[in-house]
Amino acid sequence: MALAVGVRVRARALLRAGAQFRGPVLGRPEPAAGGGDGTRRFANLRVLVEPDPAAGVAVMKLKSPPVNSLSLEFMTEFLISLEKLENDKAFRGVVITSDCPGVFSAGLDLTELCGQNPAHYTEYWKAVQELWLRLFLSNMVLVAAINGVCPAGGCLMALTCDVRVLADNPKFVIGLQETQLGIVAPFWLKDNLVNTIGHRASEHALQLGLLFPPAEALQVGIVDQVVPEDQLQSTALSVMARWMAIPDHARQLTKAMMRKATADSLIKHRDADIQNFVNFISRDSIQKTLQAYLQKLKQKKG
Amino acid sequence: MALAVGVRVRARALLRAGAQFRGPVLGRPEPAAGGGDGTRRFANLRVLVEPDPAAGVAVMKLKSPPVNSLSLEFMTEFLISLEKLENDKAFRGVVITSDCPGVFSAGLDLTELCGQNPAHYTEYWKAVQELWLRLFLSNMVLVAAINGVCPAGGCLMALTCDVRVLADNPKFVIGLQETQLGIVAPFWLKDNLVNTIGHRASEHALQLGLLFPPAEALQVGIVDQVVPEDQLQSTALSVMARWMAIPDHARQLTKAMMRKATADSLIKHRDADIQNFVNFISRDSIQKTLQAYLQKLKQKKG
Amino acid sequence: MALAVGVRVRARALLRAGAQFRGPVLGRPEPAAGGGDGTRRFANLRVLVEPDPAAGVAVMKLKSPPVNSLSLEFMTEFLISLEKLENDKAFRGVVITSDCPGVFSAGLDLTELCGQNPAHYTEYWKAVQELWLRLFLSNMVLVAAINGVCPAGGCLMALTCDVRVLADNPKFVIGLQETQLGIVAPFWLKDNLVNTIGHRASEHALQLGLLFPPAEALQVGIVDQVVPEDQLQSTALSVMARWMAIPDHARQLTKAMMRKATADSLIKHRDADIQNFVNFISRDSIQKTLQAYLQKLKQKKG
Numbered sequence: 000m001a002l003a004v005g006v007r008v009r010a011r012a013l014l015r016a017g018a019q020f021r022g023p024v025l026g027r028p029e030p031a032a033g034g035g036d037g038t039r040r041f042a043n044l045r046v047l048v049e050p051d052p053a054a055g056v057a058v059m060k061l062k063s064p065p066v067n068s069l070s071l072e073f074m075t076e077f078l079i080s081l082e083k084l085e086n087d088k089a090f091r092g093v094v095i096t097s098d099c100p101g102v103f104s105a106g107l108d109l110t111e112l113c114g115q116n117p118a119h120y121t122e123y124w125k126a127v128q129e130l131w132l133r134l135f136l137s138n139m140v141l142v143a144a145i146n147g148v149c150p151a152g153g154c155l156m157a158l159t160c161d162v163r164v165l166a167d168n169p170k171f172v173i174g175l176q177e178t179q180l181g182i183v184a185p186f187w188l189k190d191n192l193v194n195t196i197g198h199r200a201s202e203h204a205l206q207l208g209l210l211f212p213p214a215e216a217l218q219v220g221i222v223d224q225v226v227p228e229d230q231l232q233s234t235a236l237s238v239m240a241r242w243m244a245i246p247d248h249a250r251q252l253t254k255a256m257m258r259k260a261t262a263d264s265l266i267k268h269r270d271a272d273i274q275n276f277v278n279f280i281s282r283d284s285i286q287k288t289l290q291a292y293l294q295k296l297k298q299k300k301g
Numbered sequence: 000m001a002l003a004v005g006v007r008v009r010a011r012a013l014l015r016a017g018a019q020f021r022g023p024v025l026g027r028p029e030p031a032a033g034g035g036d037g038t039r040r041f042a043n044l045r046v047l048v049e050p051d052p053a054a055g056v057a058v059m060k061l062k063s064p065p066v067n068s069l070s071l072e073f074m075t076e077f078l079i080s081l082e083k084l085e086n087d088k089a090f091r092g093v094v095i096t097s098d099c100p101g102v103f104s105a106g107l108d109l110t111e112l113c114g115q116n117p118a119h120y121t122e123y124w125k126a127v128q129e130l131w132l133r134l135f136l137s138n139m140v141l142v143a144a145i146n147g148v149c150p151a152g153g154c155l156m157a158l159t160c161d162v163r164v165l166a167d168n169p170k171f172v173i174g175l176q177e178t179q180l181g182i183v184a185p186f187w188l189k190d191n192l193v194n195t196i197g198h199r200a201s202e203h204a205l206q207l208g209l210l211f212p213p214a215e216a217l218q219v220g221i222v223d224q225v226v227p228e229d230q231l232q233s234t235a236l237s238v239m240a241r242w243m244a245i246p247d248h249a250r251q252l253t254k255a256m257m258r259k260a261t262a263d264s265l266i267k268h269r270d271a272d273i274q275n276f277v278n279f280i281s282r283d284s285i286q287k288t289l290q291a292y293l294q295k296l297k298q299k300k301g
Numbered sequence: 000m001a002l003a004v005g006v007r008v009r010a011r012a013l014l015r016a017g018a019q020f021r022g023p024v025l026g027r028p029e030p031a032a033g034g035g036d037g038t039r040r041f042a043n044l045r046v047l048v049e050p051d052p053a054a055g056v057a058v059m060k061l062k063s064p065p066v067n068s069l070s071l072e073f074m075t076e077f078l079i080s081l082e083k084l085e086n087d088k089a090f091r092g093v094v095i096t097s098d099c100p101g102v103f104s105a106g107l108d109l110t111e112l113c114g115q116n117p118a119h120y121t122e123y124w125k126a127v128q129e130l131w132l133r134l135f136l137s138n139m140v141l142v143a144a145i146n147g148v149c150p151a152g153g154c155l156m157a158l159t160c161d162v163r164v165l166a167d168n169p170k171f172v173i174g175l176q177e178t179q180l181g182i183v184a185p186f187w188l189k190d191n192l193v194n195t196i197g198h199r200a201s202e203h204a205l206q207l208g209l210l211f212p213p214a215e216a217l218q219v220g221i222v223d224q225v226v227p228e229d230q231l232q233s234t235a236l237s238v239m240a241r242w243m244a245i246p247d248h249a250r251q252l253t254k255a256m257m258r259k260a261t262a263d264s265l266i267k268h269r270d271a272d273i274q275n276f277v278n279f280i281s282r283d284s285i286q287k288t289l290q291a292y293l294q295k296l297k298q299k300k301g
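Residue numbers (numbering that gives the first Met the number 0), protein chains in the order written: chain A, 0 to 301; chain B, 0 to 301; chain C, 0 to 301.
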């Protein structure tokens, strides 16, 4: 498992570098309300963790309102919370879900991508890569309990999980709609999608920037199960229980065997991928498109 | 997009070399009948192009009777017509269909493969590779409107497209039946098929040389839609309209990302693939098989 | 086909080394009961071969009671019988089935994996690799007629075949349940599975160690057909007849084209794979798990 170790080292380096991040103090655990049942909750500002050590499972609730967009702060806090669980032998599985009604995650934070300098874009994209790598190679069982719309970066997080369960609400679409915004999904996320739904369906979905409503999402295989909204949490936990029954070491080696080549491909071309992203996002035409889109979003809200 | 440029250069070199091709003068556009609506049709001898610049779409009708077999002349004319569209910014999408009743394309032209010399086989196979590469890497959206039988080389053309719509006629079978004739599909076409229908279905289909009737073709995924014959054209155009709605640049980069590895594999081994083909087709046993088959076809006609 | 030749040479070397194998005299053909119809049966101690030279087909019945586990002796005898058929031009296809009621093969022989020394584990794993390589690259058409439970090593044998037909009995499960025993399927068997059922289904099945009953096996694609038990043999033979209709040479080249990369991957990393297996199986924790499991099996029997 040299690979996973290598990744973790890099992750720590990133998180040390996190001192440069604008924003709140990181990693400050907060005592939670409950406690009589032996559980204790802890939270960063943007991620709420509900541990159930008896089951070996924690629920991570994304709580970066209004739409859990992937800001640098959010990603950093998420990765710190994830690493805490990864390093705590009491936890073997994590359910990832959202605390923001109707939205799992809206994806990349456009304010990070508009009107910033190349150094910022570099830092941002490195964090996105890291988020994907750390989730994709996690030794824990990850189950996504998708309780809201799940486009782009939200879909990125879901695709790294071992199982995806989607709440059956026609508004809860999932997919990589990058082309619709004039941008392109990175190659490693494309690889992740191809592994999940196959080459042909990926070519189709990525070129058209498709967002799948529940029934189609299930049919194409981008999620594993669709359940009524009020059964999402319980289904995620019972799926998790099934995975918990497998000996960790054999399961982890098997997971690494399935995923190593795909992760290595990013690790090998990481700098080129950053350079490619920074060049692309810095273009005038892309900046104009994104700013227009951002303006539209603001007007909607306002 | 260095790759696509490289391919295009090679394509031009081939087409310049086309002066050596037996046959009619190439690339002579002909004014078409209509015109009052602002469209103009142009045609080589074997490819009829019906442009709709307002929509950004052209329909290419294969017109090399009786069965649109892939003769050197036909492939050369087709590639010249395709390149014209590719270089004309007015066109972003092409519907490929047949002007020969009941036949999309019967595939390789057996008269090019029987009783000729190695130099001819070399030239021929290079043209087949080029046809595939140029279609497979086209920057335009390609939709195959398959209105007839579509074996071997016909299927090769269809598989390069972004979408395949098949007219619902039990006679309109599609597939790579090479093994049934005692020959073998090239590795890059195998890769294209694997990308389309998966590894297991490809192994099965290629070993048995399966030709799929419409319902089976849809089920295995070698076509995307099956529609009544009289709705083929309109369906192809409405599918195209959906693809036209995606920003070109992002779609083209995404398409290249999905297809580059497969195309590179041929580009890297192109000469070896030609040598392999020439050696194989020159064998006495293969020549005998093909000549017997050709004789049978002639008797059928006669 | 240099590859296949190379593999065969290695196979012979292994089988010569078979003199070291504990156990009965190998390769002693026995005259069979029948004969008036021109067929002759021959058998090693653990594999019964029923040839039908008129059809070009032989049926190999695994007969190593009680459960056809993959002992060194069994694998050696099986490979000798297979090689005889492979070298006899009269035979172009083999149906592999079981002579042990209710069990196709229970998989690896745990007694070979418990309390032995590294040299033995090395020899054993080399034989498992060889079994897979020889079946996977066979020039003959292989049809698995699965008439019993088919886990782990049994599934390994079935996955190498060109077609898998499963008898419709809810007890006849098939899959790679290694993780449930705390061990990990080798990477080349993972590749074989991915080629068969796709990446996502493989990730799911391998991590959970799933054993699929007939309907699920068909749905996930780990078998091609499920038929009533009393029609298994006849279905396998009629499937075989269809494959026999394809010219051998073209079919063999096509099969090699589909499988070469997967086989090469093992051939290239063969020694590392052995070393990896020997290190893993020699661990105290694994030995304890396997011995406990073996003990449980013995108590069940006793």
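Hints were generated in silico from the structure; no laboratory data involved.
Accuracy of the hints is not assured; some may be wrong.
Because identical chains cannot be distinguished in the list, a pair is counted as satisfied if it fits within a single copy or across any two copies.
As the list claims (entries may be wrong) - Quick list of in silico lysine-lysine cross-link-like pairs, PhoX-like style, CA-CA up to 25 angstroms:
(1) K170 to K60
(2) K295 to K259
(3) K287 to K88
(4) K297 to K189
(5) K88 to K170
(6) K267 to K60
(7) K295 to K60
(8) K287 to K60
(9) K83 to K189
(10) K88 to K295
(11) K299 to K125
(12) K259 to K189
Going through the hints against the structure:
| no. | hint | verdict |
| --- | --- | --- |
| 1 | K170 to K60 | within (20 angstroms within a copy, 42 angstroms between copies) |
| 2 | K295 to K259 | neither (40 angstroms within a copy, 35 angstroms between copies) |
| 3 | K287 to K88 | between (48 angstroms within a copy, 22 angstroms between copies) |
| 4 | K297 to K189 | neither (30 angstroms within a copy, 49 angstroms between copies) |
| 5 | K88 to K170 | neither (38 angstroms within a copy, 37 angstroms between copies) |
| 6 | K267 to K60 | neither (32 angstroms within a copy, 45 angstroms between copies) |
| 7 | K295 to K60 | neither (28 angstroms within a copy, 43 angstroms between copies) |
| 8 | K287 to K60 | neither (34 angstroms within a copy, 40 angstroms between copies) |
| 9 | K83 to K189 | neither (29 angstroms within a copy, 32 angstroms between copies) |
| 10 | K88 to K295 | neither (46 angstroms within a copy, 29 angstroms between copies) |
| 11 | K299 to K125 | neither (30 angstroms within a copy, 56 angstroms between copies) |
| 12 | K259 to K189 | both (15 angstroms within a copy, 13 angstroms between copies) |
In summary, the numbered hints that this structure violates are 2, 4, 5, 6, 7, 8, 9, 10, 11.
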